[in-house]
Each structure stands twice: as structure tokens, then as C-alpha cells.
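From first to last, the protein sequence lines stand for chains A and B.
Position in the first sequence counted from 1, then plus 2, gives you the numbering used here.
Position in the second sequence counted from 1, then plus 2, gives you the numbering used here.
Warning: the hint list may mix true and false statements.
For identical chains, the list gives no copy identity; a pair is met inside one copy or between any two copies.
[Claimed, not checked] Straight-line distance between alpha carbons at most 27 Å, and here's what the computed BS3-like set of lysine-lysine pairs gives: (1) Lys86 / Lys209; (2) Lys146 / Lys242; (3) Lys44 / Lys115; (4) Lys62 / Lys209.
Rather than coming from a laboratory, the hints here were simulated on the basis of the structure.
Residue-level listing of the chains:
Number of protein chains: 2
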Amino acid sequence: MTTNKNREIILIRRPEGMPREEDFRLIETEMPVCRDGMVLVKTLYLSVDPYMRGRMSGVKTYISPFELEKAITGGIVGEVVQTKSPDLKAGDIVTGNLGWRDYNGADSRELRKFDPGIAPVSTALGILGMPGLTAYFGLLDIGKPSSGETVVVSGAAGAVGTVVGQIAKIKGCRVVGIAGSDEKTGYLVHDLGFDAAINYKTAPDIKKAIKDACPNGVDIYFDNVGGEISDAIMPLINYKARIVLCGQISQYNMSKPETGPRVQAYLLVKSALMKGFIVIDYADRSDEGIRQLALWVSQKKLKYAEHIVEGLENAPRAFIGLFKGENLGKQIVKVS
Amino acid sequence: MTTNKNREIILIRRPEGMPREEDFRLIETEMPVCRDGMVLVKTLYLSVDPYMRGRMSGVKTYISPFELEKAITGGIVGEVVQTKSPDLKAGDIVTGNLGWRDYNGADSRELRKFDPGIAPVSTALGILGMPGLTAYFGLLDIGKPSSGETVVVSGAAGAVGTVVGQIAKIKGCRVVGIAGSDEKTGYLVHDLGFDAAINYKTAPDIKKAIKDACPNGVDIYFDNVGGEISDAIMPLINYKARIVLCGQISQYNMSKPETGPRVQAYLLVKSALMKGFIVIDYADRSDEGIRQLALWVSQKKLKYAEHIVEGLENAPRAFIGLFKGENLGKQIVKVS
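This is chain A alone, in the form it adopts within the complex:
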């Protein structure tokens, strides 16, 4: 079985601006008790995701904030090591929203079984998990790509962006990625088949770079970052363009909302759409999404990259790294 010691990472203060490691603490706790209907799950990998920054701020949005002195919760894939539920047996691989702990006690109904025969279990947190579904539903349901259209994706080398661009290629689009290093832009073009990629940190004129990469304008902009990169794209949108608002990572660490050029006039003259979404809007269609993504992965039409940090104690650092652009592909923490 297991040891009697458990560890977890708690939030000890709400970050101001960029989160710091001192905002978190690793503590030792007791092993959870496995009650009827529950299972004990050993964490294999945990997910750090940009949206979690919002939960650290103490403001309720679509999801309640993290509580101080309590364990951070997020996407986890783990192995059932003890079970008091008829639904799951020891050895099953499961995924769910659990604490940043070595071991979690969990209601079996709040877990989803993951078939490790399909792909490595870590993909349950990436291409076959929340980020993959986010890309899938955002691009297909809001973006509605048609063959020949131009799709621009920002945060293109991240967990969501890499999937968005590849699905857009499957749909026959011209795909332009925006990312923050030459390693990333090279990966997008050479490994993932993007038509062009722009390093926004080194491009001398980001507006010109995007314009040059989009000679026919922009039909779909999948926005993971917001801010000045998005500002540069608005003047390039085509008639009936779709702007899919998935993330605004450039804004998450700002202490007060930023101002910028108003978007309304651009949307108005182009009869364009801008729509926000969160993946739980599509909760009732997640099986469809996972099935299609898994099929594309098995057909080698979708590739994925993971950026793995080892050790529960390093989860805060991995999370902070998201805002420094450290990850290429899905940022994951290997716990066990």
C-alpha cells in the first residue's frame, strides 16, 4: 500500500502581479481516509494552467476562488490505489479536478476513467484533456473554420494553441502562429505544419509581421493572450471574421484592467464576431471531443508536446513558468 504521509501545496497569500513561489507552501498532512463510494488516488501528473491565476485572486468569476491555507486544486491524472467504490478498481487510471497532493481521496463519480492504451496517461491533462477540448470546441464551434480561410492563433506553442493550429490545418486553413521564441516558432512550422509563425518578442514590427503572414486577411483569430498582439490583429480581420476568446494571459497578472484601442468599430464594419467561452460550456459534449482528438492522435494527424517538471514541490515554479513562456506544449508536473 502506501505510506501514511501525504504532502500538499497550499496557497498562503494571494499573488499581486506575477505570482511568486513564496505565495505557496508545501506542507505535510495526514493520508486521506477512503470512505464508502470513494477511492484513494495516487497523483501521477498534475496540470498547471493559466486560468488558475484567476482563481488565486479571490474574485469569483465562473469559478470560485482558491481558499487561502487550502490545497490548490486542478487537473490531475492518477492511479487508483485503494477503492471503496464499485465503479473503479485498484490500478485504474483516472482524471479529475483534485488537490495538488501526493494522494487524494475522491468520490468516484467525480472522476473520469482514462484508457492508457490510447496514449500516455499524461495526455489526459493535455491533448486528450481540458486543453485539447478547449482547442476543439473553441475552434470548431465558435471559429467554424472553412477550407482556405486564414487562422491566426496566439499563444500558439502552448497546450491549447498547438492543438488549435493543427485542427485548423486538418480543416484546410492557412495557419499562422504567434509565439515567444525561435524554438517555438520553428517547432510550429517544422514539426506541426503551421504555414507561418512569428516570434513576437523579436519581430521588429508585429503589425507588419502579421500582415505579411496573412496576405488575404484574417478570418479566424484564436486569442490566447490578449493585449497588444490582439490589437495588431483587429485591423486585419475580414468580413464576417470570428475572434475566439480563449485566454488573455498577457492580462492575468495586471493589478487593474488595461485600456487599449476599442475593438467595436472593427467588429462593426466587418460584421465580425468576438466570443468568449470556457470549456465547461461544452461539458455535455466532452466525450465527442475526446473521441475525435484521440482518433486524430492515433492517425498521427495531431502531434503534441509536453514540458514536464518533476516533483510536487516544483508545481508552483512550473505554474509561474507559464507566464514567462517557459513551456513548449503542455506544462505538466510529474508527481509520482
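Please arrange chain B on chain A, whose structure you already have, making use of the hints.
Then chain B, alone, in the frame of chain A:
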């Protein structure tokens, strides 16, 4: 028949900021020749509309700019006084996009017949014309109102806003209008049945005023004005809210685009939609729209107001008045 003299209003320079009467000139011209397939139309009423400001700027958007030294063109309703087309006979009332002239020669295929038995002919420029269709398609096709939802409309006392609010009431919504005088807000509440109306020029705190008028938040915002009024509404939007971008009259006379609070984060956390449109997006459904609007007018479910200025020579002043909030309802110029 007619006199041999014709008059027209030309644009002699592109306005900077607020248009001035000196930007226009009334000139005398020859009477148009009525060639085969054409008719001669005597202007009864002409329409001045906020979107025309964009055409004066010399920048191509969805529509080409007005040419200098040429007649302004816009919505006109007139009477056929001479015909060389089998489709129209003398005395027919027609509407179309024609020059600001006493008389226009026009291809009969570019005109729509208007049945004066339905309503006064001036309504062809308002509730049974472009502004009515704009309200109809924008609210119903993009806003998609459901009974019990809260609809806020800015520019509420204008040609479009008055129709938007009344259709929203027909659909069972709570309707809040924002307008610029107590005469207008009184009209909205007492004559048109809006649930509440706010005078943005006198409200001590526009954010608080809107919030108080929308205790259940905002499900649909029909935006005719943009700027600070729209800024005040973003924090109040509900999950899956729809923001219909119809106009941005507060911005039209600015020499360079204004900055403001970014809207993306609000749209993102609420899975909300913001969409621009122009009425010609729905050109193939205009018959449907006119039929439904005419039915509601005949059933007294839709009321309308017109603000009529007399004389072709006063068209520029009537146009400029739009930006000063002079009109309650549709601003029209009676020419003959």
C-alpha cells in the same frame, strides 16, 4: 410634368470631427434624362443616418466613400413622375438609395415599391425601412431575446433604438433604454412601454444608474453608441450575454480611434458574444423583416416617432443634428 431645374447637395470637403454645414453645398443642376429602363423620381423624403458619417471620411469600409463635388446619396422615398420602365408607373411610391436631389433618374431595378396603404410613405425610411430592419435583424438574429431576459439599448430614442426596445418588449423582456434628454426617456417609458430609461447626460453615476435599472444583470446589450456608456455595461453582463454592435455614434467624429477598457476579459469569463453587423448582411431576408414590422405596426404593437425637417437645403443641418442628439425617433427631411 416637372420644371427643368433640379437641385442637389454635394460634399465639398471631408469633415474633420463634427461635420459642419460648410462641408456641404446646395447647387442647381439640369433635370436628369429618363432613359430606357429608367424612371424619374421626385423626392418626397430623404433620410439622414449616422452611418453616412463614415462615408464622408474618404476611407472604404463595407461601403465606398462619398466622392467630393458629387451628390450625397442615401435612403430616399419618392414618387415616380416619368417612366420608361414596364415595372413602374407614374404615381408609384418607391424607395431606394438615391442622390440628395429634388429629382433622381433611377434604374427601376434598384428601387423597391412601397405600398402607401400600409403606413405613411415616410415610414419607408424609418420603421418600415433600413432602421426598422436594422433593429429587427440585429435584435432577433444576434441578440436572440428570450422572455424574462434584460435588454439594454443605447441610443434608445433614435430610429433604431425605439424599434429595438419595442420588439424586445414584444418578446417579453425587461427593457432599459439609455438616451440623452428627459423628453426622450419620458417618451421611452410612457409612450413605448420601456421598463426604465436613463438620461446619461444627467445621471450622476451612469454605472450605478444602469446597475440599479438591471437588478438581474444584462443579457442583451444593443449598442448604438459605444464609448463610455458601453464601458459601463460590460461589468454587468450575464453568462452567455449577447452584445449587438449596431452603431458607435459616440466615436464617429473622432479624428483617431479612442482607447478604452478592454472588453475581452468580460466576454471571456461570461462566455459572452459581441457581434457587429450591417443591415445589408440580411438583404435576402428584407421582405420577411418588412412584412413582420408592418404587421406589428398595423397591430399597434410598434409605435414610431419621426423628427421631420423641411427643405432639401436643410438636409446637412438635419444630418449634423444626429450627432447632437436633436432627434427623437427617425430624423427625416421633407423635400417635396
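We went through each hint and held it up to the structure:
Proximity of Lys86 and Lys209 under a CA criterion of 27 Å is satisfied in neither setting, with 58 Å inside one chain copy and 53 Å between copies. In this homomeric assembly, Lys146 and Lys242 come within 27 Å of each other (Cα to Cα) both inside a single copy, at 11 Å, and across copies, at 18 Å. For a Cα distance limit of 27 Å, the shortest separation of Lys44 from Lys115 inside one copy, 14 Å, qualifies, whereas the shortest one across copies, 75 Å, does not. For a Cα distance limit of 27 Å, the shortest separation of Lys62 from Lys209 across copies, 20 Å, qualifies, whereas the shortest one inside one copy, 35 Å, does not.
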